[in-house]
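In the working numbering, the protein residues as written are 2 to 596.
Among the hints, erroneous ones may be present.
With a cut-off of at most 30 Å between alpha-carbon atoms, the simulated DSS-like pairs for lysine-lysine come out as follows [said to hold, decoys possible]:
id: 1; residue 1: K384; residue 2: K313
id: 2; residue 1: K423; residue 2: K313
id: 3; residue 1: K507; residue 2: K492
id: 4; residue 1: K538; residue 2: K240
id: 5; residue 1: K384; residue 2: K538
id: 6; residue 1: K195; residue 2: K431
id: 7; residue 1: K240; residue 2: K507
id: 8; residue 1: K492; residue 2: K275
id: 9; residue 1: K195; residue 2: K275
id: 10; residue 1: K538; residue 2: K275
id: 11; residue 1: K240; residue 2: K550
id: 12; residue 1: K550; residue 2: K166
id: 13; residue 1: K195; residue 2: K423
id: 14; residue 1: K538; residue 2: K550
id: 15; residue 1: K585; residue 2: K166
id: 16; residue 1: K275; residue 2: K501
The set of hints was computed from the structure by calculation and includes no laboratory data.
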Amino acid sequence: MEKSRPLWDNPLQFVFACISYAVGLGNVWRFPYLLQMYGGGGFLIPYLIMLIVEGMPLLYLELAVGQQMRQGSIGAWKSISPYLSGVGYASVVVSFFLCIYYNVINAWAFWYLFHSFQDPLPWSNCPLNNNLSAYVEECARCSPTQYFWYRETINISPSISDSGKIQWEQAICLVLAWFAVYLCILRGTESTGKVVYVTASLPYLVLLIYLVRGLTLHGAANGLAFMFTPKLDQLSNPKTWINAATQIFFSLGLGFGSLIAFASYNEPNNNCEKHAIIVSLINSGTSIFASIVTFSIYGFKATFNYENCLSKVILLLTNTFDLEEGLITAENLDIMKSYLNTTFHQEYSAIFPEIKNCSLETELSTAVQGTGLAFIVYTEAIKNMEVSQLWSVLYFLMLLMLGLGSMLGNTAAILTPLTDSKFISRHLPKEAISGLLCLFSCIIGLVFTLDSGSYWFDIFNDYAATLSLLLIVFVEIIAVCYVYGLSRFEKDIEMMIGHKLNWYWKIMWGFASPLLIISLLIFYLTDYIMVGTLQYKAWDPSLGQLVTKDYPIYALVVIGLLVVSSVLCIPLGAIAHIVTARLKRNENCNIMMQT
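Using the sequences and the hints, build the whole thing.
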């Protein structure tokens with residue numbers, strides 16, 4: 002069986018696969034948000050500490066388990082202990098949840114990519130109403146980029162209870178996204194190994210191009226200064242450290258079983274220690290690199306909005322102070338300069354209620370993550386660039402490659418245990434198994450193309466893989482260190498890489514990393530209990546903005562099922578083994594008595 006197991010063509014291909022999987026959308030649209038929220042350059046201190054304490058050790062552990070056991074997550078943990086097969090099933094369930102909603106992002110990227118060839122870009126201006134006499138009222142209340150996202154792209158309903166109908170344009174894009182995934186995983190490592198060279202390298206090329214362009218934009222220096230200026234007072238905020246640990250944990254894709262699956266296709270003597278260090282450093286380096294690009298764009302956007310605001314203020318003050326003569330007196334000019342060079346004053350607000358506060362600091366401090374950053378903030382900046390179509394195509398092509406690379410890892414976490422199963426592989430070829438997974442996931446994913454689909458997307462994104470993954474990885478560490486035995490695992494690693502395990506890894510696995518994960522679990526559980534009522538952001542078309550609403554009962558039930566369904570796999574796997582072993586013993590006893 003081991004001889005017939007497919008292998009990567011070379012170690013570099015394996016590294017590219019891990020980078021393609023680990024370096025994803027979280028590096029581009031969550032890490033810059035955390036920098037904004039938690040101290041700018043000061044956030045890098047806890048982030049790098051968590052990389053050393055948590056990221057590298059846990060990544061190395063999963064790669065070593067996969068390479069040693071040479072099976073997917075289910076088989077690998079079952080080999081360590083038959084009572085632990087449920088850990089592998091839990092990883093598969095979480096990966097399946099991730100698959101069915103994550104590929105919707107690729108569908109949105111396809112949608113924006115197709116619209117990027119229009120001149121002007123469709124999110125540059127508000128559309129006219131039916132009478133062609135004015136802009137659509139909803140768009141006028143928000144902005145063209147928000148309107149294109151909320152109305153033209155996802156056609157969002159006012160609440161999660163209003164399901165609406167399937168948006169056929171988005172459904173077609175989703176089918177296309179799944180077809181692209183199927184082509185990439187069609188023949189397992191044979192096809193995936195070729196694709197990862199593109200999905201891993203192309204985003205860096207686009208980011209490099211964007212970096213050159215971003216640094217030449219007017220106001221880019223303002224964004225970079227905001228990014229690198231440390232606010233060290235945030236280091237005393239516990240949430241800063243919690244978010245640094247969480248970002249490292251989820252950006253590396255730990256607990257899904259994808260890394261175990263990839264490592265299982267390595268040669269037995271592959272140096273997985275070196276690869277764990279390389280992949281984790283590249284992943285964190287990419288987050289910082291992407292943030293430099295993002296903050297240069299932030300600086301351009303913020304400066305553009307700030308200067309537009311000042312222009313409106315000058316125009317309004319000019320017309321107000323000397324409407325009859327059309328001239329500005331020296332006294333009035335001093336008042337305007339006083340306003341423009343200081344923060345907003347209450348007395349001016351009372352005199353000129355039409356004027357809003359123009360603040361570059363406020364513009365730069367407005368933190369947005371997730372789809373809001375990817376499909377609203379970035380598109381807002383892109384539409385104001387020269388040759389905006391080119392920059393739009395490059396940006397959404399990069400998003401597509403990042404999303405596709407992550408999907409290769411997510412599907413591998415499911416397909417590897419399936420193809421390892423003798424029963425399934427005996428009846429179905431790998432092409433059929435891959436096709437059925439993509440088809441089934443695509444059908445379920447149509448839920449996210451409903452008018453209320455983005456609300457369900459947020460539920461899956463927030464709750465399907467948070468507590469579950471932390472618990473899964475915690476059980477993994479305990480299983481390796483205290484069930485399988487750290488000394489035994491150390492000997493296995495020595496046989497693989499040719500030298501003894503460093504003291505650093507043993508301390509991290511035995512004490513530091515488990516304690517850190519327990520702290521994260523306590524934080525999340527406490528946070529959920531303190532919040533009490535789970536809420537979501539709903540789009541109000543009459544206001545042209547998001548409003549907070551409480552989740553209905555059935556949505557809370559779905560949230561509970563998402564968390565429980567994967568976590569329950571761990572104890573159920575152990576119970577199933579106990580029952581099976583007892584039945585087998587009884588059967589053997591009966592046979593002995595009969596003989």
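Checking one constraint from the list: CA of K585 to CA of K166, max 30 Å. Satisfied?
violated, 52 Å
Check whether the Cα positions of K275 and K501 lie no farther apart than 30 Å.
holds, 13 Å
Regarding the pair K423 and K313, is the alpha-carbon distance no greater than 30 Å?
violated, 71 Å
Does the structure keep K195 and K431 at a Cα separation of 30 Å or less?
holds, 17 Å
Given the hint that K240 pairs with K550, does the C-alpha gap stay at or below 30 Å?
holds, 24 Å
Between K538 and K550, is the straight-line Cα distance small enough, at 30 Å or below?
With Cα atoms ~6 Å apart, K538 and K550 stay inside 30 Å; holds.
Restraint check for K240 with K507, where alpha carbons must lie at most 30 Å apart:
holds, 27 Å
K384 and K313: Cα distance at most 30 Å?
Distance of about 20 Å is within 30 Å: holds.
Are K384 and K538 close enough, with their CA atoms no more than 30 Å apart?
holds, 26 Å
K538 and K240 were given as a pair; does the straight-line alpha-carbon distance stay at or below 30 Å?
OK: K538 and K240 at ~22 Å, within 30 Å.
Please verify whether K507 and K492 have alpha carbons no more than 30 Å apart.
Within the cut-off at roughly 12 Å; holds.
Against the 30 Å threshold, does the CA-CA distance of K195 and K275 hold or violate the hint?
Holds, at roughly 22 Å.
Violated hints for the displayed structure, listed by number in ascending order: 2, 10 and 15.
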